[in-house]
Amino acid sequence: MGYVKRKMTIVKAVTCPVCGSLCDDIELTIENGRIVKVKNGCAMCESKFLSHNSEHRVLKPLIRKNGKLVEVSLEEAVKRAAEILAEANYPILYGWSSTSCEATRVGLELAEEVGGVIDNTAVVCHGPSILSIQDIGISSCTLGQIRHRADLVVYWGSNPWSAHPRHIERYTAFSEGRFQRSAWKGYLTKIKASIAKKKIESALRRVFFRRKPSVPPQPRMELPPAMFKEGRKLIVIDVRKTKSAEIADYFMQVEPNKDYELLQAFRALIRDQEIDVDEVAGVPVGYLEEVADLMIRCGFGILFFGVGLTMSKGKLRNIDAALSLVRDLNMRTKFVIMPMRGHFNVAGANTVFTWQTGYPYAVDFSLGYPRYNPGETSVTDVLLRGESEASLIVASDPVANFPRKAAEHLVKNPLIVIDPHMSVTAQMADVVIPSAFVGIEASGTAYRMDHVPLPLKKVVDPPKGVLPDEEILRRILSEVRKLKRKMLVEAA
Amino acid sequence: MELLIKNGFVYDPINGVNGEKMDIATRDGKIVENVNESKALKIDASGMMVMPGGVDIHCHIAGSEVNTGRLLRPEDHFRDFERKTPKTRSGVGYSVPSTFTTGYRYARMGYTTIMNPSMPPLEAKHTHEELNDTPMLDKATYPLLGDWWFVLEYLKDGKIEECARYVAWMMTTTKGYAIKIVNPGGLEAWGSGRNVSSIDDQVPYFGTTSREIIRGLCKVNKLLNLPHTIHVHTNNLGKPGNYLTALDTMKCVEDLASGDKPAIHITHCQFCAFKGSDWRTIKSGAEEIAKYVNNHSHVTLDTGQVIFTDTTTMTADGPFQYGLHELSGNKWVNHDVETETSSGIVPFRYRRKSYVHAIQWSTGLELALLVRDPWKIFMTTDHPNGGPFIYYPRIIAWFMSRKARETTLKKINPRAESRSLLPSTDRELSFYEIAIMTRAGQANALGLKDKGHLGTGADADIAVYNINPETTDPSKKYRTVRRAFENAAYTIKGGKIVAKNGEILRHVKGATMWLDVQVSEPIKITEEMKRRFREYWTVEYENYPVTENYLEVSHPTTIKADV
Amino acid sequence: MINLYPLKEFEFPIIAECINPDIFQDKTREDIEKLKIWEGNRQRKLEELFKVKATKTEDQAEETTITIRGDVSKVRKIGAKMTNGEIVIHGDVGMHLGEEMEGGTITVHGNVGGWAGSMMKGGTIEIHGNVGDYLGAPYRGSSRGMRGGKIIVYGNAGNEAGAYMRKGVIKIYGNTGQFAGLRMHNGTIYVQEDCEGRAGACMTGGKIVVGGFLESVLPTFTIESVKKNVKIEENERVEGPFYLFLGDLTENSKGKLYVLKEKNPHLSHYERLL
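Residue numbers (the working numbering), protein chains in the order written: chain U, 1 to 492; chain V, 1001 to 1563; chain R, 2001 to 2274.
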């Protein structure tokens, strides 16, 4: 006909493999096996879907020979990886939060087979939250409950506007539920008002050229009027005024590393206890009383917390206090709490770990059965104590994220990396096996931050010869079994 | 592959076989008339009992609440673990075992089929993923439908047939097996922190009542010709005086029964058989419930027996679990699921010396003994709510031996002992009756045609117990009975020997059974439906169904509905 | 008396539940050498990792003593569940020392890892160096902390010392980290030097005595009085004066937190409430 017909397809309801919000309404336009357009997604989503095939990728497995990474066949790389793992006295298998549950399932079998320590990235984000859940429990729900019912939304130590961009719009304050309306309009009015205010201020500044501003306003001993409006209210509590704090009806600034004190004070207040001090964590107790009152009076409250809370001083005990606060609030009203999970499938990794071993992360198979004691069996601690002998890293970049000493021990020993990216860790590795992008080039399952399982789609083919994590792990496992049988025969 | 089990005392109640000495032959996973004796693998079962593989109608072993229970309780697992062997995977146990360990422990007791009773439809994939990793057993799972908005809305408008079509869609979409109803109306109310307190309370915002939900879904069940009845966890569970609610629940579908066919299953009945007005005055309501059940044919029950041990309670009944947390002060998990249901978890210890717990223990046994027809009541612990399933053999001993009951009675709270009906109950169940209450009756109630019996064509799921019914008096030798049921001499799954004397010989995958319900006019997935979907849930319609690739071994049963 | 000498510098974690006087009792040296011990994911015999030497002693009581000389900082669960006898260690020791111990004594001339005396029910642990986190604290998810016995630390202790404690005494003569006495129900914790803060968080009973600087008192504690001195054990009192705080209000409870007045002038503002 004189022209090549362009092959264009639209795939709807794609799950986005970026953050724990796991938005599943992404619409992709595929043209000649490439994603050319992303609809409904946030900026992070767009860049993930659009850049996967433009970025520089290693397409062949690599093995370090004489200090240099050289291309080898997949069989050779798999064999080398299996040898390293089968021989190791105390190997670690780390990552799992950015791959599918199906891959993690095989990973656990491999860890058991080689008697290793298997851990997921929860160890460096919401691990402390899990430890506290094990002490206190958790009053939670799926995100839809919040959309339908919550009239008080609190984000604590979390900045969804930047880290989970569609969270507020899809699930919380700006979403439209059966029993609760979106607070989006109020926000628009607020933004307009604030723009107008800024304009007036700047006009005034121009008129009264360089006049010093008058005395700074005294902190008011009452909450802004927005807190007494009908409908949904949004509170942000953080150490700094984030983007999310700006759109909130009320922002409470907490002194750094004083979250625990603040949470405990709330707990005492909702039990109608008197507090000896006038101020907690930089906030006057009068304010706290009003906010505590709001919490008690709401119909359905939700507290989201992020790593700002889990990683500030007190760590797991901050979460312990937050979980206890929400539990106690249920004596007075309905209140729930949820960690803002970062990686798109860290919840899934925890889930698969738990059903196979009973424990959500930091599982040590060295004695032939699952043992769990974060601090002892967590990969970061194992590395810091210099105890591991070899490592397998799947879809994670610990060299870039771990404490320096831990990363040093990691690269000192044989290191295998399975990853679509040529990460910093991969560059230091002894065996690199490139894999397909889960959720783009490979299908599977991921769990949203509220434990709702969602299918990950394969929308385009991976580059030729590049396999999904699951398949690579299966091959390594089968190779390890072969080696072990051989070792047994030789020993006999 | 052929197998011949020779000379055992066979208990096969569905086929009326009561301890007769005979051979059982299997070929390619099915029971057959006979096999070539010289070629078949032979098991000498002389002096042993041969029964169909055990069937458990109600045990929480997979899915989101079970897994959260596992996550919640490292202290429950860390002393009870199973090492990896060349044949088996490792795992941890006690009250909420990991998936592999669950499969092995059931297989050791001669169980081959289990039903996972509470699956939030939105999280159905999770349940199925775990069932895939639960070996040795055939399994099925019940979606929670009693508080699903679609059901509430259609029932309010009296649109039974429309409701039936949606239930059919849901059953197939979630790969479920039966309609599960938990605290109907109460769970929706719990979404806003409330509850209902009788079957006639209004569900907030929805203008319907528990009674209408139970009756409506009972009608739907009938219209769809589902093999099992509606599976009901009553309102007011775990509250003193709730035996009246349980009776109301049974009564409210009395007129919907056709012939002698059961129309409702009241699950873990012990937990809704409390008489009395508060915890101090609580008494057993077993007598009243048994009386009703003995006089009506439309009800089946399972016991929900309590074991004196530390366990983890978990149900979809969010408000009940919260109450339990307030009562015990133990850690508490709540997980409400949008548009559908809720759930809760609280670790709990049943103590012999606690009046209430001892009454509960007694009530469970009273129910089992006072309901005359063993085809109407089945043995469960509502695992892990009354206690872990590994204690089934202990319950069998209590069922079969007055002496066993008396031994425990002596150790319980004296006030509870003096109020217990057990001392005045002489009934001791026979092995035949045990076979009904632990397999045949359960399979029958579930409408599992190929399970729970040893007739030609049945699945070759067989348990051989090393106990000689001719020489053992279970009434006296109840410990021997208990030990025999703890570790089957042989467990045969699909014609293969999978466990022998407590050792797992083979790791086999079981199948997941589900219903493909075919209605004459299936619901149409229009753009309007998708929009409604988006309004109700936070996931897209396309991502909701459990596609068949989520079932590693899929066993659908096609059901022709009357709508 | 049995003497153990590590044969090498250990690299991998060693799980040595077998190093326990109850297990060594009535065993010959040869039997002891054959005991099972885990090094990483390999099972070994004790003799592969330790030189085992038996020495005769006159004293009957010392007959069951186990002495370890050398660095065993990778060796975990030494003395776990022991009910009697004695273990003396000259060197650093790994985690879970004396876990769930019911009787006997353990003396360490060196530092000790985390979870020492975890869930202990009886006996004595004496540590002449520093100790890690979770001293006497329970396993993950459990609320059954120390239920008896005594732990004495001459150096510093980490976070959450005595968490969920129900009975017994912990004395720390150095400093301690955050959350000492977290959720304790009963028993006594004495810290002679400084305490990082959040002492007694969520406590429902028992007694914490801080003889040094306490960064801050949780807002959920309320001042009760000033006490001249405090009893630590039978026949042992510490001279004050001490501020006495009660809490934790979050648990509607009245556990006692004593803080030495002299070292904590920043708490003087509480006095106006008295």
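It cannot be assumed that every hint is accurate.
Restricting the straight-line Cα-Cα distance to at most 20 Å, the calculated cross-link-like pairs of lysine-lysine (PhoX-like) are [what the hints assert, rightly or not]:
| id | chain 1 | residue 1 | chain 2 | residue 2 |
| --- | --- | --- | --- | --- |
| 1 | U | K412 | U | K68 |
| 2 | V | K1084 | U | K482 |
| 3 | V | K1084 | U | K486 |
| 4 | V | K1530 | U | K39 |
| 5 | V | K1084 | R | K2036 |
| 6 | U | K484 | V | K1156 |
| 7 | V | K1261 | V | K1239 |
| 8 | V | K1530 | U | K484 |
Since the hints were derived computationally from the structure, they do not count as laboratory data.
Q) Do the alpha carbons of V:K1084 and U:K482 lie within 20 Å of each other, as the hint requires? A) Given pair V:K1084, U:K482 holds - Cα atoms ~17 Å apart, limit 20 Å.
Q | V:K1530 paired with U:K39 [C-alpha distance capped at 20 Å] | A | Measuring from Cα to Cα gives roughly 18 Å; hence the hint holds.
Q) V:K1084 and U:K486: Cα distance at most 20 Å? A) holds (19 Å)
Q: Assess, step by step, whether the Cα of U:K484 is no farther than 20 Å from the Cα of V:K1156, and give holds or violated.
A: violated (63 Å)
Q: For the pair we were handed, V:K1261 and V:K1239, check the Cα-Cα distance against 20 Å.
A: violated (30 Å)
Q: For the pair supplied as a hint, V:K1530 and U:K484, confirm whether the alpha-carbon distance does not exceed 20 Å.
A: violated (52 Å)
Q: Sort out whether U:K68 lies within 20 Å of U:K412, counting only the CA atoms.
A: OK: U:K412 and U:K68 at ~15 Å, within 20 Å.
Q) Between V:K1084 and R:K2036, is the straight-line Cα distance small enough, at 20 Å or below? A) holds (18 Å)
In this structure, the hints that do not hold are numbers 6, 7, 8, in rising order.
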